[in-house]
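There are 2 protein chains.
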Amino acid sequence: MKSIDVCLTPDLLHLHTIDNTIVVVTDIFRATSCMVTGLAYGVGSITPVATVEECFELQQKGYIAAAERNAMKVEGFDLDNSPFSYMDEDLVGANIAMTTTNGTLSITKAKTSAVKVLVGAFLNLGAIVNHLKSQPYDVLVLCAGWKGRVNLEDTLFAGALVDALKDEYIIGEDSALMAMRAYQQAQNDLLGYVANSSHVRRLQRLGIHKDIAYCLQRDLYDVVPVLRGSTLVNM
Amino acid sequence: MKSIDVCLTPDLLHLHTIDNTIVVVTDIFRATSCMVTGLAYGVGSITPVATVEECFELQQKGYIAAAERNAMKVEGFDLDNSPFSYMDEDLVGANIAMTTTNGTLSITKAKTSAVKVLVGAFLNLGAIVNHLKSQPYDVLVLCAGWKGRVNLEDTLFAGALVDALKDEYIIGEDSALMAMRAYQQAQNDLLGYVANSSHVRRLQRLGIHKDIAYCLQRDLYDVVPVLRGSTLVNM
Numbered sequence: 076m077k078s079i080d081v082c083l084t085p086d087l088l089h090l091h092t093i094d095n096t097i098v099v100v101t102d103i104f105r106a107t108s109c110m111v112t113g114l115a116y117g118v119g120s121i122t123p124v125a126t127v128e129e130c131f132e133l134q135q136k137g138y139i140a141a142a143e144r145n146a147m148k149v150e151g152f153d154l155d156n157s158p159f160s161y162m163d164e165d166l167v168g169a170n171i172a173m174t175t176t177n178g179t180l181s182i183t184k185a186k187t188s189a190v191k192v193l194v195g196a197f198l199n200l201g202a203i204v205n206h207l208k209s210q211p212y213d214v215l216v217l218c219a220g221w222k223g224r225v226n227l228e229d230t231l232f233a234g235a236l237v238d239a240l241k242d243e244y245i246i247g248e249d250s251a252l253m254a255m256r257a258y259q260q261a262q263n264d265l266l267g268y269v270a271n272s273s274h275v276r277r278l279q280r281l282g283i284h285k286d287i288a289y290c291l292q293r294d295l296y297d298v299v300p301v302l303r304g305s306t307l308v309n310m
Numbered sequence: 076m077k078s079i080d081v082c083l084t085p086d087l088l089h090l091h092t093i094d095n096t097i098v099v100v101t102d103i104f105r106a107t108s109c110m111v112t113g114l115a116y117g118v119g120s121i122t123p124v125a126t127v128e129e130c131f132e133l134q135q136k137g138y139i140a141a142a143e144r145n146a147m148k149v150e151g152f153d154l155d156n157s158p159f160s161y162m163d164e165d166l167v168g169a170n171i172a173m174t175t176t177n178g179t180l181s182i183t184k185a186k187t188s189a190v191k192v193l194v195g196a197f198l199n200l201g202a203i204v205n206h207l208k209s210q211p212y213d214v215l216v217l218c219a220g221w222k223g224r225v226n227l228e229d230t231l232f233a234g235a236l237v238d239a240l241k242d243e244y245i246i247g248e249d250s251a252l253m254a255m256r257a258y259q260q261a262q263n264d265l266l267g268y269v270a271n272s273s274h275v276r277r278l279q280r281l282g283i284h285k286d287i288a289y290c291l292q293r294d295l296y297d298v299v300p301v302l303r304g305s306t307l308v309n310m
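Listed in order, the protein sequences are those of chains A and B. Everything in the first sequence is counted per the working numbering, starting at 76 for the first residue and increasing by one. Everything in the second sequence is counted per the working numbering, starting at 76 for the first residue and increasing by one.
Certain hints may be false.
The list cannot tell twin chains apart, which means a pair is met if one copy fits it or any two copies do.
[Unchecked claim] With a straight-line cut-off of 30 Å between C-alpha atoms, the simulated DSBU-like cross-links for lysine-lysine are: (1) K222 x K186; (2) K222 x K191; (3) K208 x K136; (4) K77 x K241; (5) K285 x K222; (6) K148 x K222; (7) K136 x K241.
FYI, nobody ran anything at the bench for these hints, they're computed from the structure.
Generate the whole structure from the sequences, applying the supplied hints.
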C-alpha cells in the first residue's frame, strides 16, 4: 500500500526520504495558487527560482519576471504575487520566472531527489488527488510555511489531501494525522478557520482580502503543474 | 501583553528567540511525565543529560540512572522510562540522572538562553499554568517530538497550555493556533484522540497501555519542575 506523509515546513525536509515519492509542494498564500491559476489561464511555463538575482537574470533573457518578498512585489519586476495578475491574455503562452519568500524555495529544495514534483493548491485539489491515485508512488506534501515556520493554510491543504487519500494510502507520521484533523475541523468554513492565522493578518495589513477568499476555493481548475527539469508546465 | 508560542519539534528551535522567555519542555510519552511523577513522589533531583555516556558517568558517581532509547530501557541502567517506576519509596530524596530519546535532549537545547526552563506534562498542567501567569515573561512550549518529527501528544499538551493562557497572552504563530485547536477538538477524549498516533502505536507494540492512559491525566500533581543549573528540582 502506498503511504502519504506531510512535511509541515521545508526546515523539516531533512527528516524525510523522498526517493520513491511524489512531492506535492503547496504555498496557498499565494505562490502555488498563482502558479495553478496561471497555467489554467494558458501561461506556457513557470520557472521557480530561489533568489531574486536568478529571477532578474531570467528577466534579462526575456522571461516575464515575478519576484515577491515579504508578500510584496520587488521593485523592477513585471508581476506581483496576486493570482488575479495571472488571469491576463497577454500571458497566454508566456514563459514566467518566479521567486517568492517561501514557495519557490520549497520547490527547488524538493526537486533534488523526488520522483516528481507537483504544485498543489485548493484551486486544483481534485486534479492533484486524481493524478496521485493513478501513480504507484508514495506521497509527501511539502508545506512552504513562512520563513521556516509552520502555517495554517498550507497545513490545511496538506490535510485536505490526506483526507482525500486516506482510504487508499497509509497515513505516515503524526503531522499527517494532525493536518487531516485540522482540515476536517475547518472544511466547512476555511475562510473563518484561517481568519486568525499569522499570514492572513499579514496579508490583511496589505489589503488583500480578495486574494485570500479566492485561494481558499476548491477545484476551480483541472490542471496538474509538474516540474520538468527546472520548469513547471501543465501535465 | 505577554505572548505564548509553540515550537513543534526541537528541529525548529532555531526559529525562536527565547532570551526573554520561559521555555516549557514537554515529552508526554514519557520523559516529562516521569519527571513530574518522580518529583511529586519525593525524588530529590533529576539531572537530564543528552547522551547515554553522560548518564553512565553520573551512575558511576552514585546517581540512580535512567536511560531510554527507542522507548526501551538501556541495558545496565537502574530505571526504565515508565512513570510507575518513579512511584518508589526507595527514590525519595534520591538524585536521578536521566537520558531519553527526545525529552532530555530538548531540555539541554533549551537551557542555553531561556530565562527559565520548566518541565510540563498533563499531570501538572494546572501548576504550570498558575506559575506562568505569575511571571512577567513570554512563554515558548517546546515539544520534544520524536527524533525531530512532530507528534500528537506533545502538540496537544502545548495546545492545552495555549488554551489555558489565551485570554492573558497574545498567541504567537500558527503552530500555537493549530495546537490550541487540536486540543479543543481532543480535550474530552484525549485517549481516543491519540489512539492512532505514531507514538501510541510504537508504545502499544511494547505493551504499555497503562502508561499511556496515566500520562494523559490532567492535574494529578501540584509540582513545577524547574531547571537549576543542570538539574531539575521541584520549585
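Handout entry: Within, between, both or neither, where K77 and K241 count as close if Cα-Cα is 30 Å or less
Key = within (10 Å within a copy, 40 Å between copies)
Exercise for the section: Go through the copies and call it for K148 and K222: within, between, both or neither, with a Cα cutoff of 30 Å. Expected result: within (17 Å within a copy, 38 Å between copies)
Exercise for the section: Give the relationship of K222 and K191 under a CA distance limit of 30 Å: within one copy only, between copies only, both, or neither. Expected result: both (24 Å within a copy, 27 Å between copies)
Problem - Alpha-carbon proximity context of K208 and K136, limit 30 Å - result: neither (38 Å within a copy, 58 Å between copies)
Practice task
Indicate which option fits the pair K136, K241 if close means a Cα-Cα distance not exceeding 30 Å: within, between, both or neither.
Solution key: Classified as neither: same-chain Cα gap 44 Å, cross-chain 52 Å, threshold 30 Å.
Exercise for the section: Tell me, please, which holds for K222 and K186 at an alpha-carbon limit of 30 Å: within, between, both or neither? Expected result: Result: close both inside a copy and across copies, 19 Å intra and 24 Å inter.
Handout entry: Up to 30 Å CA-CA - K222 versus K285, copy category
Key = Result: close within a single copy only, 23 Å intra versus 40 Å inter.
The structure shown violates the earlier hints numbered 3 and 7.
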